[in-house]
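Each chain is listed here by its residues.
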Amino acid sequence: MITVLRAGPLTTVQDLGRPGWAHLGVPRSGALDAPALGLANRFVGNPDDAAGLETTLLGCTLRFAAPALVAVTGALAAIDVDQRPVERPGGCQLFEVPAGGVVDIGPAIRGVRSYLAVAGGIVVEPVLGSRSTDTLSGLGPDRLTDGAVLPVGTATGAPAVGEPARIGGEFVLGLRRGPRDDWCDLTGLFGTPYTIGPLSNRIGTRLAGTALTRAKAGELPSEGVVLGAVQVPADGRPIVFLADHPTTGGYPVIGVVDDVTPLAQARPGTTVRFRELD
Amino acid sequence: MKIRRVGASGLLIECPDADRVEDWRAELWRRRETGELRVTEIVPGALTVLLDGVAPGTEALLTAWEPAPGERRTGGPVVKIPTVFDGADLDSVAALWRVTPDETVRRLTETRLTVAFSGFAPGFAYLRGFPDDWAVPRLDAPRPRVPVGSVALAGGWAGIYPTASPGGWRLVGTTDQTLFDVRREQPALLTPGTRVRLVAK
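Line by line, the protein sequences are chains A and B. Numbered according to the working numbering, the first sequence spans residues 1 to 278. Numbered according to the working numbering, the second sequence spans residues 1 to 201.
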């Protein structure tokens with residue numbers, strides 16, 4: 001059992017989400033940096049779809065009732081166990097926590113979201129096959145609050161090793177045009193730098209920079225949208241949809257980003273560019 | 001039929017009207033059931049069907065699968081929604097339609113509705129069936145909180161709020177039916193293709 005001592009600004013339970021329900025208006029949700037969660041799970045011997053915690057910028061503080069094997073990946077942050085710093089060999093923190101031990105994930109030094117996996121996983125009640133908190137629809141467990149309690153499952157697998165992804169550097173997003181690229185003049189999109197906007201969240205990354213000129217005004221009849229869809233609202237400033245995105249929308253999607261993982265770790269103010277694929 | 005690519009593993013089928021959307025949705029759900037179509041999501045929209053997470057080569061299959069109009073529109077059971085027509089905007093809808101409130105309720109209860117697609121919130125179904133000239137504009141300012149079970153109109157659609165939420169649709173009534181419950185095997189009461197009748201309670 002884990003007791004939340006400091007929840008941080010937005011810490012949620014996340015697994016790989018609940019794809020397959022979009023026709024009912026249910027977002028996919030799931031960890032924004034899924035490879036980082038998967039890596040943390042492998043380090044502690046969990047299957048890839050076990051649920052862990054996703055922190056946002058300022059980390060969180062947790063007390064473990066029972067001894068536990070814990071891994072933290074994703075955003076680089078200082079980690080203390082009972083106020084003693086944990087070493088960080090190879091960019092991943094894997095450590096034992098004694099009964100009653102307190103783990104503190106500090107503010108992110110690089111990146112945005114850290115992922116904590118505990119051997120056995122976090123076993124809150126699944127909703128439609130997933131334990132993920134969906135910040136758009138409210139499905140899944142509540143976001144963590146101070147004093148909340150999280151159940152931990154029974155450890156099963158053998159810990160494995162893996163290579164953490166490097167976070168930071170230049171963000172270049174591969175983009176395939178369509179389905180509605182005829183709704184905007186895209187000449188300015190490729191090569192022009194954009195900046196991650198401050199209102200970005202788990203639903204989407206808002207980009208500041210050159211507004212795209214709409215070739216057609218108004219809205220489309222609502223249609224299904226996918227993870228990584230780049231939607232252009234009336235003001236011309238693109239939004240890249242992330243895991244908690246709505247399942248249908250009426251603004252044109254001019255392209256789809258092939259891998260949104262870097263956006264999970266891109267801080268507001270970071271520069272991103274688009275590179276055309278195909 | 002036109003097929004547009006959506007990223008590396010998505011396809012968007014464009015349809016000339018909502019009936020064709022329904023034909024395609026039903027056809028694709030059936031092909032998935034038989035194992036011919038491997039796909040993560042089949043998401044109908046107002047004039048499109050999105051396939052997300054398809055295997056390479058699916059586009060060619062779609063061309064061969066084009067359903068005959070109405071072929072799969074078998075009907076199925078009608079879900080009746082007991083409704084109290086006490087909505088705060090019933091009079092404004094009546095005024096827009098230039099009929100009495102009683103006639104408004106008669107129209108609402110006599111129209112055969114079908115779920116076109118879902119969105120906005122889990123279990124929120126866009127119901128079609130009204131003639132085009134019954135379309136009503138959204139409210140100028142959305143309400144900060146629309147109560148759960150509100151039966152409402154906007155554009156040419158009817159919809160029922162599965163949970164309390166902000167909303168700009170015109171409220172014509174309320175129902176006590178549970179639209180979405182994650183503990184049910186079928187969590188949504190109204191799924192795409194379902195036929196619906198509003199019944200005055």
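Hints listed in this document are in silico derivations from the structure and should not be mistaken for laboratory results. The structure displayed is predicted, hence computed values, not measured ones. Glycine included, every Cβ here is placed at the ideal spot set by N, Cα and C. Treat the hints loosely; a few may be bogus.
Said to hold, decoys possible - Computed footprint of chain B on chain A, listed as stretches where at least three residues anywhere in the stretch have a Cβ under 8 Å from a Cβ of chain B: (1) 50-61; (2) 107-121; (3) 134-144; (4) 222-232; (5) 261-270.
Outcome of the hint check:
{"no.": "1", "hint": "50-61", "verdict": "violated (count 0)"}
{"no.": "2", "hint": "107-121", "verdict": "violated (count 0)"}
{"no.": "3", "hint": "134-144", "verdict": "holds (count 3)"}
{"no.": "4", "hint": "222-232", "verdict": "holds (count 7)"}
{"no.": "5", "hint": "261-270", "verdict": "violated (count 0)"}
Violated hints, in rising order: 1, 2, 5; the structure is consistent with all others.
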